Amino acid sequence: MKKLLTNDEFNSVLLNLSKEYDIYAPVTLPFKGTFSDTDLVKYEKITKLEEINLKDKSYYSAKEILLPIRQTIFYFNENEFKKPEGRTKKALVLLRSCDLHAIERVDNIYLNNKFADEYYADAKKMVKFAVIGCPGKGWESCFCASMGTNTTENYNLGLTFKDGAVYTHIKDEELNEFFNNGKDEEFQMEFVTENVEKVIVPENIELEDIINDEMWRDYDRCIKCGRCNFVCPTCTCFTTQDIFNRDNSKTGERRRVWASCHVDGFSTMAGGHEFRQKSGDRMRFKVMHKISDYKKRFGTHMCIGCGRCDDACPEYISYINCINKLSKKLGDNNE
Amino acid sequence: MSNIYMPEKGEILSIVQESPIEWLFKVKTTIKPAPGQFIQLSIPMVGEAPISVANYNHDEEWIEFLIRKVGKVTDAIFNLQPGDSIFLRGAYGNCFPMDTYSGKRVIVVAGGSGTAPVRPLIKHFIDDENTDIELIFGFKDQESILFKKEIDEWRKKTPMILTVDKGCGIDGECVGLVTEYIPHLKMYENFDNLEVVIVGPPMMMKYSALEFLKLGIPEEKIWVSFERNMSCAVGKCGHCKIDETYVCLEGPIFNYVKAKKLLD
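Residue numbers (the numbering used here), protein chains in the order written: chain Z, 229 to 563; chain H, 16 to 279.
Hints are computed from structural coordinates only; laboratory data are not their basis.
There may be inaccurate statements among the hints.
Claimed, not checked - In silico lysine to aspartate or glutamate, EDC-like type, Cα no more than 20 Å apart, as pairs:
| id | chain 1 | residue 1 | chain 2 | residue 2 |
| --- | --- | --- | --- | --- |
| 1 | H | 24 | Z | 308 |
| 2 | Z | 310 | H | 23 |
| 3 | H | 276 | H | 234 |
| 4 | Z | 524 | H | 258 |
| 5 | Z | 276 | Z | 236 |
| 6 | Z | 478 | H | 76 |
| 7 | Z | 523 | H | 259 |
| 8 | Z | 353 | Z | 250 |
From a predicted model like this one, the values you see are computed outputs, not experimental measurements.
Kindly produce the complete structure, drawing on both the sequences and the hints.
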């Protein structure tokens, strides 16, 4: 079903939806950015159109709605473990095409990598996705077109905000009832067709051909802060932690917390032995996961081309340049 | 769908000191592991750690773990007494391909605490008339020798070289690294019927494998066991990933053909 709604009509849809759904979208949080005078764009609950930031790319992705930064696995006391209730209200997430592809990447790890993760599966059942278009060629560091994630059909709701109105494509029947207002209107979802950045991903890379390459030493300047991992919509690693209550040390919880392959300690084993001590080797490990390892396992590249890693790096390390450099190098070698 | 992160309670049946730093914990549990697998042992309020299975009895419902006090979780385990509770989930990982080894000649090279994960395998084959096994065990020094009583029993039943890295050899022992003794093994007439298992510190596994390759043993006949940092043990947390391989899912036992390509 396709409908054309005025902004006011769309707001009344959001109001009705929010009774049943938590609606998440990119919003601007003033002065919450990295520097004193900068804003932060991230996913938050919204109830009206005016709260949504449609102009900028969100710094963090929508993944934390399904995979929270800190998630309780179970509470414990002296006698028992108790799983927390999890999400009780349904959610509708407004996100870009690339970020929806990212959710599919995360699904592979959390649902299809031999074992299924109950916490993620339960959350996923409660969430619907509304795809929103991107302006023009996307943003400065976007390369979704190179990764083939610029378009998608796999959404519950498609939204195009244009000329003070909202074109909606309602694919999920459960959402039909909320769109009684507005008029029927045929339209095509508008997706990015071309980005400023173009990335050529080398195919069928053998790790042994590049593991000792000098290019990785350029990345030893990485300060191992892990920002690139935390803003990445497809990074899924975590570390388990036990936390106990100060008042009663016999009760507490086991949590999982986002982890990063760039941050010290990620591969450290009991006794202190550590793999990939140099930052450049960690860059190589991440890059190979995004454009080679994951594909060998699941058939698609893990990277979805959002470019958030480039936006977030305090050392101005460019993942995009790294991929293109690698591609050129392997191309040169093959000639 | 079952909750893969929820541990179950086990009871510590006994604790035996094996070396100055390693203790053997016997735990009552209904979990039924296979040789080479590992269990996530945990203590609420402290955390979880992957520990390889050092022995088990499915009928009597117990598993043994050889534990070295090297981290937060193992420190806490060392404070436990028989009768105390400990929590387990698993068994995880693949296991030694016992069917592949059955009926063949199996060389087991183990170093230090690497003797623990091969112990169920040795126990399985030591009295098997169809399978011949030959053992090389290497320890740092005499004090570090593990499973002394069993080693004496195994020595009566099968060829064995026991070596310490330094110090003087006592009765029946050699001095030096396991790699020095690999060429002295007895069973080199027929490579087709041979399988080699190497478990120990990474350097020891690497150079032992190279030594067997030098002797002409094909790569596909060599098996190693990897140890990695793990948090979930079920292919989610990413800590143990090497290339496209998750050690917790596809390992810890790898054939050398695969293992030599697993580069960190």
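Do the hints match the structure? See the list:
1. Annotation: proposed proximity of residue 24 (chain H) to residue 308 (chain Z) holds, straight-line Cα distance about 10 Å (limit 20 Å).
2. With a C-alpha separation of about 12 Å, the suggested pair residue 310 (chain Z) and residue 23 (chain H) falls inside the 20 Å cut-off, and the hint holds.
3. Taken as a hint, the residue 276 (chain H) and residue 234 (chain H) pair is honoured in the structure, with Cα atoms around 12 Å apart against an allowance of 20 Å.
4. Only pairs whose Cα atoms come within 20 Å are accepted, and residue 524 (chain Z) paired with residue 258 (chain H) is accepted, the gap being roughly 9 Å.
5. For the suggested pair residue 276 (chain Z) and residue 236 (chain Z), the alpha carbons sit about 9 Å apart, so the restraint of at most 20 Å is met.
6. Restraint check for residue 478 (chain Z) and residue 76 (chain H): not satisfied, since their Cα atoms lie roughly 28 Å apart, outside the 20 Å limit.
7. Restraint check: the Cα-Cα separation between residue 523 (chain Z) and residue 259 (chain H) comes to about 8 Å, which is no more than 20 Å; the hinted pair holds.
8. Between residue 353 (chain Z) and residue 250 (chain Z) the CA atoms are separated by roughly 14 Å; this keeps the pair inside 20 Å, and the hint holds.
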